[in-house]
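Novice: Chain by chain, the residues:
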Amino acid sequence: MTLLEVCNLSVAYFARSGESCPALAGVNFQVGPGEILGVLGESGSGKSTLAAALLRLLPSNGIIEQGCVLFEGKNLLEAAPEGLRKIRGGRIGLILQEPSSSLHPTMRIDQQVADIVAAHKSLDRRAITERTNQLLASVFAVDAERIGRSYPHELSGGQRQRVLIAQAVACGPSLVVADEPTASLDPTTQLEILQLFRKLRQTLRLAMIFITHNPALLAGFADRVLVLYAGRVAEIGPTPQMLSSPRHPYTEALLRCLPAHLDSDHGARKSRLNVISGDPPDLALHAKGCQFEPRCGARMEVCKANEPMAATVSELHEVSCLKFAG
Amino acid sequence: MEPLLKVENLVKRYAAGRSRASGHKFAALDGVSLSIAPQTTLALMGESGSGKSTLALCIACLERPTSGSISFEGIDVAALEETQLRVMRPQIQLVFQDPASSLNPRWSALDLVREPLFVQRRFRQPEREHKALELLDRVALPRKLAGRRADELSGGQKQRVAIARALALEPKLMLLDEALSALDCSVQAQISNLLVDLQSSLGLTYLFITHDFAMAAHLADQIAVMERGRIVESGPAEKILCAPSHDATRALLASTPRFTETPSVLVNA
Amino acid sequence: MRYLLRRTLHAVFLLFGVSLLTFLFSALTPGNYFDEMRLNPQIAPETVAALRAQYQLDRPLPVRYLHWLNAVAHGELGFSFAYNGPVGPLLWVRARNTLLLTMAATLIAWLLALPLGIWSAARFGRTLDRVLSWTTATLLVVPDLVLALGLLIVAVRTGWFPTGGMVSVGFEGLSSLQKFQDLAMHMVLPVFALALAALPTLVRHVRASVAEVLDAPFLRAARSHGIPDRKLLFGYALRAAANPLISLFGFSLGALLSGSLLVEVVMSWPGLGPLLLEAILARDLYVVIGGVLLSMIFLVGGNLFADVLLYWADPRIRIAASAK
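Protein chains in written order, with this note's numbering: chain A, 781 to 1106; chain B, 490 to 758; chain C, 1156 to 1479.
In isolation and in its complexed conformation, chain A is listed as follows (with noise of 0.2 Å):
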């Protein structure tokens, strides 16, 4: 039983010119209940066009060209304005980019979180204002009532995004899409935030899907992971599998300019670390073919002519890429 099931999603932007540029093309990929799905993606891969377009947040100029999103059985991009405005933040939860100015200014933590409550929920004050205590108590360990009473301005990151994944749970949503939630953050921060996240699936049995760029983080705590580059899925499977043996030339060749593990040999300090060659393609000239093509090491000829299809290598686990077609 699936939660959320994207089908075919196709999404493009459009400059005032007429031009298109495709930011997402043909992505499928599902859900479950209780399932962290982590999205591996780098700059201009789309990731952010996926967290807007599933609730159908993206900017003026971006269109949903084709596809459907399946949660919990209705098509998101069918629904009626406020049947979707009760599912934004109701249903599915949303931490968007930038933490520090996702908060308004001049408004307390504590009335930011109960909008949300209200905007919801018909609860009356008293009982809003107890659930806005008791989110805040969730997140924070200590000092709950004090930052209620703050401005976002008084709070380092590390607390403001603790605030925006509270406002994110804060009417039990089953899924959580966060975008780089720890993107800012320091190392322990982000420590906290990720056993934070767990913590919530577990009392909750929240869904997430995870979108970062740093595949590391996935580790230990994605249950599958998707890759996305060029707005397209380049692969998707279980998280040991993916990052200890990728298939997809991208992955394998992303994963490997990392740099070595801290606890292996150190001779190899400063040494060159791999490289992908070549930039990412500019989506605007609508190139045939892989869109990987030109940087991978492993092409063929075919890759040149022929978009690759989802080919399944092994239980839960799909390649996009004609090495592994037919």
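It should be emphasised that the hints constitute simulated quantities derived from the structure, not laboratory data.
Don't take each hint at face value.
Said to hold, decoys possible - Mimicking DMTMM-like on lysine to aspartate or glutamate, the simulated pairs with C-alpha atoms at most 25 Å apart in a straight line are:
(1) B/Lys-661 <-> B/Asp-736
(2) A/Lys-866 <-> C/Glu-1201
(3) B/Lys-661 <-> B/Asp-587
(4) B/Lys-633 <-> A/Asp-904
(5) A/Lys-854 <-> C/Asp-1384
(6) A/Lys-1050 <-> B/Glu-722
(7) B/Lys-633 <-> A/Glu-910
(8) A/Lys-1050 <-> B/Asp-587
(9) A/Lys-1050 <-> B/Glu-491
(10) A/Lys-1050 <-> B/Glu-604
(11) B/Lys-633 <-> B/Asp-587
(12) C/Lys-1386 <-> A/Glu-799
(13) C/Lys-1386 <-> A/Asp-1062
Using the hints, position chains B and C against chain A.
Specialist: For chains B and C alone, coordinates are given in the frame of chain A:
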């Protein structure tokens, strides 16, 4: 060998109001001492608020320390007047974390790299352009991007421009304040390689501020760990990585995400 | 609290400074009220000298200033040569008339500017917004004087509105309701002129502030949490856009006494403007100083009020202020 940079007992206090927690004077740096040998890399690590950026700003002479000395090639730059400082500034250059906000988005890459030459009145007009293009070549930015505005470049390209700009005045010491943190993994690898190449070809010395232990392990000869305005541990990179002795170091190491296994803290959560 | 006290003290010092400067400039300008009299051969020079001595115009400047300050401290604003009476009551009556106009105009301007600006910002870049922008730009460029004159022409041609003045002849004999109607009819044109003059700036500022906020990440985040649209606009967007608008409101308040001079003169409205103009031309020293001081009190008071409002509305200012 004489260290290129020697910081001794540096203290920097900020007046009330800057501290977000309390209202009294806040010591961002509380007696910091370190030294960097020429043509080596020192990684400065620590949590946010530990004072790493303040230290960089003081060394770059963008902030005046409250007390202590900063000896660069034997000269105490903390005690210099502004006019004397102007002569020293080209030797110590900064590269910041976020190229989007450290580069003027409306200027072209070429203009950005030319500017330091103009400000310090080096070369003449036509030579400056030539020199700037040379610098862009050195950081492997394709010539066709030289005329592009900064906001039209990707993160990695912007950071290359920032590095080229820092190289314009032929510095001896480069302060890299989380210069790789905002970049994608594959781009981090490219810029890391660039930095290593530049160090060996130009004889640069780096103070590399980061909280990424993996990158520090890869790039640094020495590591210093800061906590609350002090250096709590420092030494050769291998020693710090294999046998950390301070809690702050251990905490940082433990929270660095790794591949082969789940960080133990997460497992026990 | 300390912040507010400091601002008030600052305001008081400002007023002192202004009074001194005004006094200096007025007293130092060549000529005085009695110069015309001196030219008149029918009046003996001794009489002129005596009059001058009576009004202490032959005393040194600092003495006169201190005398005047002393008088102000007692609530006396000096003596008007032209009207041959104390300045105080003269000013109050005229100021009251001016306030009647400007308060009505400011209220109307703001009541129109807010919805127009918000509406425009919500449709940024689209046709209606462009039309409004163009209209406000045109209005901005047209001087108040031309607006007022234009309206006067309309009044003359159509006869719908009285062509100037505050009340009609025989005002005293009218019933209360008729009095009210008469006053209102006289007010329409000048208020309209003033409101039209103030509107473009306000609309553009509201539009700019709200548009900037509508694009902000926190608004997008609030939308993603399912906050309903109306609450987003008024509870979130407007609230964040409030800062520059509050400052602007302070300016509006501040200009209540000083912004209407031209319109009053053109429309023969017996307000502070025409009085000041006459007084300057006639070298009626104390009326000029009194009038300027009164206007300054409003200006400084308006800004102070805006400061207080800002302090209350924006927690960031509160923190920054208390930290200093």
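Novice: Which of the numbered hints are not met once you compare them with the structure shown?
Specialist: 1, 2, 4, 7, 10, 12 and 13
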